Amino acid sequence: FTSAKKDLLKWGFDLVRGTSAVQSIMDGEQKKMEVSFEKDLKTRARALGDANVTLPKQGMSSEKILDLMQHATTEENVKWESGLVSGAVYHGQHQHIDLLNEAFAQYSISNPLHPDIWPSVMKFEAEVISMTANMVNGANTGGGSASCPDVCGATTSGGTESIILAIKAHRDYWRDNFGITKPEIVVGNSAHAAVDKACDMMGIKLIKVSLDAQTFKINIDALRAAIGPNTIMMYASAPSFPHGAIDPVRQMGQIALKYNIGLHVDCCLGGFFLPFGKTLGYSLPDFDFTVPGVTSMSLDTHKYGYALKGTSVVLYKNKVLRQSQYFCYADWTGGMYTTPTIAGSRSGGLIAQCWASLVSMGEEGYCNHTR
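Residue numbers for the sequence shown follow my numbering, beginning at 933 and rising by one.
Quick caveat, the hints were computed from the structure, so don't treat them as lab data.
Keep in mind that a hint or two might mislead.
Listed next, the in silico EDC-like pairs over lysine to aspartate or glutamate satisfying Cα-Cα at most 16 angstroms (straight line) [stated by the list, open to error]:
id: 1; residue 1: LYS1114; residue 2: ASP1132
id: 2; residue 1: LYS1251; residue 2: ASP1263
id: 3; residue 1: LYS1241; residue 2: GLU1034
id: 4; residue 1: LYS1241; residue 2: ASP1030
Each pair of labels, with its calculated beta carbon distance range [as the list claims (entries may be wrong)]:
id: 5; residue 1: THR1270; residue 2: TYR1214; range: 40 to 46 angstroms
id: 6; residue 1: LYS1129; residue 2: ILE1029; range: 26 to 32 angstroms
id: 7; residue 1: LYS996; residue 2: ILE1029; range: 43 to 49 angstroms
id: 8; residue 1: SER968; residue 2: GLU1008; range: 17 to 23 angstroms
id: 9; residue 1: ILE1041; residue 2: VAL954; range: 29 to 35 angstroms
Predicted, not measured: the structure shown is a model, and the values here were computed from it.
Each residue gets a CB set at the ideal place from its N, CA and C atoms; glycine is no exception.
Use the sequences and the hints to build the structure in full.
Right, here's the structure in full:
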């Protein structure tokens, strides 16, 4: 009923938005937002100095460039260092940041697209994926045990790309193996907007269902009712950004197995504290590959993994599903072109500093921060 109501409201809005009266109101509201934006962010940006709208006739000196940046960051860093931000900076200790900056500098020109030139970057990337998979019971290495030992994955530019790639992999896999050409995904209203982006980009029907009014977790009955013959996957948050609620992943896993559909767990926010919370003995619901039915997960190393912005990990239950994530074009005139993620060239520096963050923190460090 809720979905039908939203569809009806959208239809009604689309019907009237083209009228002159409604368009005039919308134009007026947009103008207000533009004025507000002009007064706030743009005014503050202009206070930093003249804008370079064209290339300078002569290049600036290194000293001047760094002086301009130093002046800007001296003022800007005051805000986050005082703790007056949310969701922007996750680790503010300068010793750790200095390590990451130095690691990045060592590999600033490297590109994982060319592992023959930078094999160490390939090693770092593989280890980041393996360490992350082990945290969520998804690898069987180092003498440990795992609920799902065939888990594999890839590093990405952030949680949004991780989620988009997971959805792309499910779309292609269910198309190629089950003939579903009009795919649908069922999520709760708290799902990250990256899901909307993915469905918009790939022409997937997105079905959003209500949350439990008390817990703000996805409503299991509504979820079950929304599943149809074209459903390829569900999406769970662990936890959700708006409410910090962990969806009932174990129940969703049972539904996934019953209907033979995928289940992605968005652990971008919780990926580097929920596992350690369990290690420390906190009472937390199951959310990872210990749950039968979970087919993929996303975990952001650049949040509570304390790496610099621009790194995340997407994990899959097995290599077969991950294969559907890849892009491969054999008939390009430049030769075979294959990439594991959306980007072609990527920054080896980001991978190197991500690896440095994980190994410098270690399990003990993450447990201490979680505690």
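Hint check results:
1. LYS1114 to ASP1132: Answer holds: LYS1114 to ASP1132 is near 13 angstroms, not above 16 angstroms.
2. LYS1251 to ASP1263: Violated: LYS1251 and ASP1263 sit about 24 angstroms apart, past 16 angstroms.
3. LYS1241 to GLU1034: holds, 15 angstroms
4. LYS1241 to ASP1030: The given pair, whose Cα atoms are some 14 angstroms apart, holds under the 16 angstroms limit.
5. THR1270 to TYR1214: 40 to 46 angstroms: Cβ of THR1270 to Cβ of TYR1214: about 42 angstroms, so the range 40 to 46 angstroms holds.
6. LYS1129 to ILE1029: 26 to 32 angstroms: At roughly 30 angstroms between Cβ atoms, ILE1029 and LYS1129 fall inside 26 to 32 angstroms, so the hint holds.
7. LYS996 to ILE1029: 43 to 49 angstroms: This hint is violated: roughly 24 angstroms between Cβ atoms.
8. SER968 to GLU1008: 17 to 23 angstroms: holds, 21 angstroms
9. ILE1041 to VAL954: 29 to 35 angstroms: Since ILE1041 and VAL954 have Cβ atoms about 52 angstroms apart, the given range 29 to 35 angstroms is violated.
Violated hints, in rising order: 2, 7, 9; the structure is consistent with all others.
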